[in-house]
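Visitor: Model the full structure from these sequences, guided by the hints.
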Amino acid sequence: MRHTAREKRVLGLWSASCLLVLLVVLLLWVGDVGLQWPVLLLPVLWLAVALRPRR
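Residue numbering for the sequence shown is 1 to 55, as defined by the working numbering.
In case anyone wonders, no lab produced these hints; they're calculated from the structure. Incorrect hints may appear among the rest.
Simulated restraints, written as ranges between beta carbons of each label pair [what the hints assert, rightly or not]:
hint	residue 1	residue 2	range
1	1	31	36 to 42 Å
2	8	36	41 to 47 Å
3	40	10	19 to 25 Å
We put the beta carbon where it would ideally sit given N, CA and C, even for glycine.
Guide: Shown next, in the form of structure tokens:
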């Protein structure tokens with residue numbers, strides 16, 4: 001089954017959002033946000049890739 005560009009974009013946004021929420025919860029629970037905040041750049045980068053214009 002092939003996905004449309006819209007479905008791919010929604011899936012990318014959904015998965016990046018879930019990753020961001022998971023990382024924030026884990027950082028607040030286990031880690032030190034002041035020290036480990038750069039790990040949150042990964043889902044932000046993922047969101048930027050998902051939102052980029054496509055042909």
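Visitor: Hints first: check each against the structure and report whether it holds.
Guide: Verification of the hints:
| no. | hint | in the structure |
| --- | --- | --- |
| 1 | 1 with 31: 36 to 42 Å | holds (38 Å) |
| 2 | 8 with 36: 41 to 47 Å | violated (30 Å) |
| 3 | 40 with 10: 19 to 25 Å | holds (22 Å) |
In this structure, the one hint that does not hold is number 2.
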